[in-house]
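Same order as they appear, the protein sequences are chains A and B.
Just so we're aligned: the first sequence equals residues 1 to 266 in this note's numbering.
Just so we're aligned: the second sequence equals residues 1 to 266 in this note's numbering.
It is possible that part of the hints are untrue.
Any copy will do: because identical chains look the same in the list, a pair fits if it lies in one copy or spans two.
With a cut-off of at most 25 Å between alpha-carbon atoms, the simulated SDA-like pairs for lysine to any residue come out as follows [claimed, not checked]: (1) Lys22 - Lys92; (2) Lys14 - Gln104; (3) Lys237 - Gly143; (4) Lys70 - Glu43; (5) Lys243 - Asp199; (6) Lys88 - Gln104.
Note that these hints are calculated values from the structure, not bench results.
Everything numeric in this text was worked out from a predicted model, so none of it was measured.
Each chain, written out:
2 protein chains.
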Amino acid sequence: MPREITAFSNPLIKRVRGLRDKRHRREERLFLAEGLRILAEAEEAGTLPEMLFFARESGDHPIVQRLSGKVERNGGEVIETSRDILHKLSGKDNPQVVLGVYRQFDTGLARIDRSAAGIWLVAQAMRDPGNLGTILRTGDAVGAGGLILIDDTVDPFSVEAVRASMGAMFTQRIAQARWDEFLPWLREGEGQLVGLSLDTSVDYRAPDYVAPTFLMVGNEAQGLPADYAAACDLRVKIPMLGKADSLNAAISCAVMAYQVLGQRID
Amino acid sequence: MPREITAFSNPLIKRVRGLRDKRHRREERLFLAEGLRILAEAEEAGTLPEMLFFARESGDHPIVQRLSGKVERNGGEVIETSRDILHKLSGKDNPQVVLGVYRQFDTGLARIDRSAAGIWLVAQAMRDPGNLGTILRTGDAVGAGGLILIDDTVDPFSVEAVRASMGAMFTQRIAQARWDEFLPWLREGEGQLVGLSLDTSVDYRAPDYVAPTFLMVGNEAQGLPADYAAACDLRVKIPMLGKADSLNAAISCAVMAYQVLGQRID
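Bound conformation, chain A alone (with noise of 0.2 Å):
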């Protein structure tokens, strides 16, 4: 049966606020994952959370239920509450019926298994939660393996991130290294690394890929260090006829993997 928490001052409240917070989540090794949609493709991707949040109107939702069954048979915590205290765990205006507290997994290289899929993203020195969520979600549709985060990246396990991943945080690997591990990785075994680059005649359309290929963009203000972008296999451009000569990181990332895809499934 599930526990009921009613009140705001109620500690294991308190605890799931906190995980808003990197260094809460980071000594907690947990995170949140917020709506239907969200945590059935978590459950989809056989993940459950450790704690199920339910607003008390949804209490009768299928998803909600047959949730709530899998998370306690799993020995987990099942807690009713009401929409006011939703609200204040996922400091949105609008929450969603159901939140989740999710384990953090392991972001190791180790877990990169490169021979799983055709297509990597790879992305240095990120600075935005919804570009990361939203290169997890292109990852998904494009069938890539993961996102390999390079260097100092925001945390791909904050609420904005997962938000935008739309559930892609549980269905592609996600890890996260330094360049100089990152790297000698790389050589260790088959890929072509190709760097997103202003520096470069090649147009994005003109290479044959090599599987597994993966396609790495710089930081959103600064690109990718030059040093980085000589280490690269390829280096392409996509070609800007605008005023501004710049893209959203994220956008840059599905364009080439649109264009890799493309040569993949003609």
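Place chain B on chain A using the hints.
Then chain B, alone, in the frame of chain A:
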């Protein structure tokens, strides 16, 4: 000479801060843009702010000096202030050193000259200001003429949309129209209306697109209404291999736009 404002209680500060709110923006017909890059982009596109705020420490910056001079000669107001007040105006923890208050422009369909560009982007019932701004930025990169917003959308003059556009706000035309205004307008002249849809077997890479091409994406959650899709000259889909069967709306728009651009620059 710049006027100096140091007090949070100054009525102008309160008024400008109010522009973060849609109702105030609409009443005043003004909007905010922040940061040297975006303000310089606006200037290059021939648009100056009516009011320019800059942080005292940045008064010597050559772009700030140039902009200040131009704004004053243009009859606008230049205000030197503190980082703290800029923080209050922008709502960002790490405020930019300049902030401009711009006059909203007319977003009537009548201002769209369809022959001015081979690609136009169309977004229906868009909800997310970041998506809207990102689509403007992509439009700039692909040489689109602008973005037509159909039905009730997020305010294109919102701080978040302007920020995400990275200046494309000032280089792309923006129009707002109901569907029952847009469709008759479109049919009065040339234009191929292409809708992104899940209910078609036509891969987005298959058609020969005809200029001017109007690429339309639907609302983030629902996609295009069936009757809107039915009214299109062409319905296309983007292949998705993943589990979630969904792409971010700005990503979909960019993948289609780069396909069309690719046909034209080959």
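Verification of the hints:
1. Lys22 - Lys92: Intra 17 Å, inter 19 Å, cutoff 25 Å: intra and inter.
2. Lys14 - Gln104: Within one copy only: 19 Å inside, 43 Å across.
3. Lys237 - Gly143: both (22 Å within a copy, 16 Å between copies)
4. Lys70 - Glu43: within (9 Å within a copy, 58 Å between copies)
5. Lys243 - Asp199: within (17 Å within a copy, 36 Å between copies)
6. Lys88 - Gln104: Classified as within: same-chain Cα gap 22 Å, cross-chain 35 Å, threshold 25 Å.
When held up to the earlier numbered hints, the structure conflicts with none and fits them all.
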